[in-house]
Structure formats: C-alpha cells, structure tokens
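So the sequence shown is numbered by our numbering: it starts at 5 and just counts up by one.
Hints were generated in silico from the structure; no laboratory data involved. Any given hint could be a false lead.
[Unchecked claim] Derived Cβ-Cβ restraints for the label pairs, each shown as a range: (1) 40 - 189: 20 to 28 Å; (2) 19 - 41: 39 to 47 Å; (3) 308 - 208: 23 to 31 Å; (4) 54 - 376: 19 to 27 Å; (5) 435 - 6: 25 to 33 Å; (6) 435 - 196: 19 to 27 Å; (7) 179 - 313: 37 to 45 Å; (8) 165 - 254: 36 to 44 Å; (9) 254 - 219: 21 to 29 Å; (10) 390 - 11: 27 to 35 Å; (11) 54 - 129: 48 to 56 Å; (12) 54 - 196: 55 to 63 Å.
[Stated by the list, open to error] Cross-link-like lysine to aspartate or glutamate pairs, in silico, DMTMM-like; alpha carbons within 25 Å at most: (13) 352 - 327; (14) 125 - 236; (15) 90 - 117; (16) 154 - 20; (17) 391 - 373; (18) 186 - 166; (19) 92 - 287; (20) 421 - 261; (21) 276 - 201; (22) 421 - 259; (23) 395 - 235; (24) 227 - 314; (25) 92 - 199; (26) 92 - 314; (27) 183 - 230; (28) 208 - 236; (29) 92 - 129; (30) 94 - 362; (31) 183 - 129.
Glycine included, each C-beta is placed from N, C-alpha and C at the ideal position.
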Amino acid sequence: MSHELTLQELAEFSQDFNANPKNQVIARAAGRSGVLEASYNEGVARRLTRVFSTELDTDNVTNQKQSGRCWLFSTLNVLRHNFGQKNKAKNFTLSQSYNFFWDKLERANLFYEKVIETADKPLDDREVRSYFDFAGHDGGQWHMAISLVKKYGVVPSYAMPESFNTSATAGFAQALADKERKDALVLRKLAQAGDTEGLEKARKQFLNEVYRMTAIAVGEPPKTFDLEFRDDDKGYHLDKDLTPVAFFNKYFDVDLDDYVVLTNAPDHEYGKLYHLGAEDNVEGGSPILFLNVPMEYLERAAVSQLKDGEAVWFGNDVLRQMDRKTGYLDTDLYKLDELFDVDTSLTKAERLATGMGEVSHAMTLVGVDEDQGEIRQWKVENSWGDKSGSKGYYVMSQDWFKEYVYEVVVHKQYLTKDQQALLASTPVELEPWDSLA
C-alpha cells in the first residue's frame, strides 16, 4: 500500500524529536564536527597497540593517489616483498604504471569481445549494461594483476615511473570509456550484420587507437632495462639489458599459479569454486576464481603464510569503520547507531545481498598479533602513501577482519585436502553484477 506523508505525521515526528533535550545537544555536536567525528570512539586506541607477534621486515609504502589501482599496488607489494627478502632490499619498489599500461590494452580487448558476444542482446540488457559500465574502469582483482605479470613481467619503479595520468586516472578513464562505448556500437552493428571481415578490421583499428591513447597518457613501456640497486647492507647490484619477463623469472621466487583466492561470501554456498568471467582481463590469462569457505579458513591460512615470512593480499571494504589519520580499522570505531539511536546492524550475508557490503579495496597483510593462538590484531600495509595511518601502515582488529574482509590470497599449501580438491572442480559462473564483482 502507498503511504503519503501528512503534515500531522511530520508534526508528531518533530514533537518526538524535541521531547528529548539530548537530541539538541547531539545535533549541535554532529552539525559542528560531522557525524563520524561526533561518534568517534577513543577507546579503540587503547586496544590497537601496533605491536605484533609476527611481523615482516618492511619499511616504505607506495601511493596509488587518485586512482583505483589498489588491486595492482597490493599485488606488486606482495611481489616486491618477495624480491626484498631474497635480495635484502626491503625498500625496492616495482612500477605500477608498467602493468597499468598493459591492463588498458588487455581490458579493451576483452571489452570488445564481450560486446561482440552479446551483440544480439538489447543495450538495456543487464549483462550488456554491466560491460558498458565497466568500460575504462580502474578497479580489479588479484587474478587480473597476476595475468598481467605472467604475460608482461614487471619492471622496477624507476624504469617506468608514475605519471600524472596514472596517479590521477579520472580524465584518462573517462576518455577511454567514451571511446570504447562508441566503438561498441560499431562492433554491435557489424556483428549483427554478420560482417566478420569488417568486424575484425574494426576491432584491430580500435585496439590500435587504444594503444595510441594509452601511450600518450602513460608513456610506452620499456622493452628492456638495467636492474640497478643497493641492498640493505649498501651492496651494489647491476644486471644489464633485462626484459620485464626475464626479470620476473630470474629474480622472483614465486609461482603465481600456486596461489588461491579464498573468499568469505556467506551469501553464496560454501565449499564451491566460483568464476567471475565478466572481469577476466587477459585472453588466455588466469581466470578470476574464488574458493568460498567459512571465515576461520581465511584466518588460519593468512596467519600461516605470514609466519612463513610471506605477505598476504586481501580484499576488503575499507570504507567501513576506518580512520585515515590514525590508520585504525575497528568495528567499534564510529558509534553511529548510538549517535542516531537506531539499529543498522546486518549480518555479513545480508550486507552482501543488499549491496551494503562490497570489496572496495585491496591491501597487504604484513603482520599479525596473537595471544596463545587467539588473533588480536593485524598489521596492514596500505597504498595511500606515508601520510595516512602510521607512516602508511594500518592496524586492524580481529573483529574488523571477520566483518569486512572478504578475500585473502594464499599459497595452496595452506588449504585443506578437501579444499585443494575443489580447485579442480568445475566453477560456478557468476553474473557480472554478483556481490563478489
């Protein structure tokens, strides 16, 4: 039944609000400082100590600035820590711009492919609209990053430094999105007409134009470079004329195919392997796969990997209960329900199902604090520069981990035998608009 707000109802609401004098006090505080500051819980600082029983030897942090490349930054942070441990060079950094360049080309190629595949569907079809909405997008997944690394390798940050358009991607992303969407209309018409020759000619032309646009905005990637660095003991190292792929194969002690995304999505069935094919970014690359398991398996695997000296990529909803200044991540950080005298609590499954919960960010676990096997807090390396948190590092409570962490990337050796067997199962295909997208 429809309901029209009446003046009498509104008068009753006002009377109820003003019947409690405390509401005016709270309103003045919230109006002056904002609802987050007015509900800030100082008690969190007494619990999050920044001391960890297991902690990797890390130092400097990276900065994605005004871009959505957290998935790429956190992946390259995991890899640079691998390089740093092996070569005693903990402050060595890798170029995000290099892999960002190739992502634009690969992603455009897959976008055109999806457009051609769905040419028989109307533009307002939900699947078609999902692809159009993702055009030019910066966001990504772990498997998207490793697909780029496996195909194109990596380079040191000095070999292809950050530029304006990688640090602030909005302008370039809009230009790419506009172009790709216009191209999509041409490809749809050619596909609908059955013009295979014209379709392939147009696709190649469009990809060539995307390459030109990306080279102008970002710069062309180096084909070779000289590796030059000083280690933590001031020792000098020089290895000349390396290709990016040769550099990765020679200096990184890691098989990317051995890593698994464990996800905790209680709105999906546990014990299942899921595939998000709509976001696969490299043709022939690693498919985006999630192994959905209860939360305790994410915790155990992440702790085990940290204790073995390896960082952990994790996907989370960083916009919830987070303070950039202190770097605190805690479920009781902002007492908004107390401020407004309401109850907004939902289960993790309900948050995902309603769109309240999402994987909005990726970061890197570099430490954990345990007390007789009970996890107290985690050390988090973010990619927002050294001016946020404690020199760029955040501290996350175990409660926050349980509620707002959705994915961890771990070596398959930390999975149970049953979970390892599931990796060979046929994955369930997820829709482009799924809560894990």
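Evaluated hints:
In this structure the supplied range 20 to 28 Å is violated for residue 40 paired with residue 189, their Cβ-Cβ distance being about 43 Å. At roughly 29 Å, the beta carbons of residue 19 and residue 41 sit outside the given window of 39 to 47 Å. Restraint check, residue 308 to residue 208: a C-beta distance of roughly 47 Å breaks the suggested window 23 to 31 Å. In this structure the supplied range 19 to 27 Å holds for residue 54 paired with residue 376, their Cβ-Cβ distance being about 20 Å.
The beta-carbon spacing between residue 435 and residue 6, approximately 32 Å, falls within the hinted interval of 25 to 33 Å. Checking the proposed 19 to 27 Å range against residue 435 and residue 196 shows it holds: the Cβ atoms sit about 24 Å from each other. Our hint of 37 to 45 Å for residue 179 and residue 313 holds, since their Cβ atoms are close to 43 Å apart. Take residue 165 and residue 254: their Cβ atoms lie about 22 Å apart, and the range 36 to 44 Å is violated.
A hinted range of 21 to 29 Å for the beta carbons of residue 254 and residue 219 is consistent with their spacing of about 27 Å. Checked against the given bound of 27 to 35 Å, the beta carbons of residue 390 and residue 11, roughly 55 Å apart, lie outside it. At about 50 Å, the beta-carbon gap between residue 54 and residue 129 stays in the expected band of 48 to 56 Å. Residue 54 and residue 196 have their C-beta atoms about 59 Å apart, which keeps the hinted 55 to 63 Å range intact.
Simply put, residue 352 and residue 327 have alpha-carbon atoms about 21 Å apart, close enough for the 25 Å limit, and the pair holds. A C-alpha spacing of about 58 Å is found between residue 125 and residue 236, which places the hinted pair above 25 Å, so the restraint is violated. At roughly 40 Å between alpha-carbon atoms, residue 90 and residue 117 are farther apart than 25 Å, so this suggested pair is violated. Annotation: proposed proximity of residue 154 to residue 20 is violated, straight-line Cα distance about 62 Å (limit 25 Å).
Straight-line distance between C-alpha atoms of residue 391 and residue 373 comes to about 24 Å, which keeps the hinted pair within the 25 Å bound. Of the supplied pair hints, the one linking residue 186 and residue 166 is violated, its CA atoms being roughly 29 Å apart against a limit of 25 Å. Of the pairs offered as hints, the one joining residue 92 and residue 287 is violated, with about 35 Å between alpha carbons and a cut-off of 25 Å exceeded. Between the alpha carbons of residue 421 and residue 261 the distance comes to roughly 17 Å, so the proposed pair stays at or under 25 Å and holds.
Distance restraint check for residue 276 and residue 201: the Cα-Cα separation of roughly 41 Å exceeds the 25 Å cut-off, and the hinted pair is therefore not satisfied. Annotation: proposed proximity of residue 421 to residue 259 holds, straight-line Cα distance about 20 Å (limit 25 Å). At most 25 Å may separate the alpha-carbon atoms for a hinted pair to count; residue 395 and residue 235 meet this at roughly 22 Å. Of the pairs offered as hints, the one joining residue 227 and residue 314 is violated, with about 29 Å between alpha carbons and a cut-off of 25 Å exceeded.
Among the hinted pairs, residue 92 with residue 199 is inconsistent with the structure: their alpha-carbon atoms are about 57 Å apart, more than 25 Å. The suggested pairing of residue 92 with residue 314 holds, with an alpha-carbon distance near 14 Å, which does not exceed 25 Å. Simply put, residue 183 and residue 230 have alpha-carbon atoms about 36 Å apart, too far for the 25 Å limit, and the pair is violated. About 47 Å separates the Cα atoms of residue 208 and residue 236, which puts this hinted pair outside 25 Å; it is violated.
As the CA atoms of residue 92 and residue 129 are separated by approximately 53 Å, the hinted pair breaks the 25 Å bound. As the CA atoms of residue 94 and residue 362 are separated by approximately 32 Å, the hinted pair breaks the 25 Å bound. Between residue 183 and residue 129 the CA atoms are separated by roughly 21 Å; this keeps the pair inside 25 Å, and the hint holds.
Hints 1, 2, 3, 8, 10, 14, 15, 16, 18, 19, 21, 24, 25, 27, 28, 29 and 30 from the list above are not met by this structure, while the remaining hints are.
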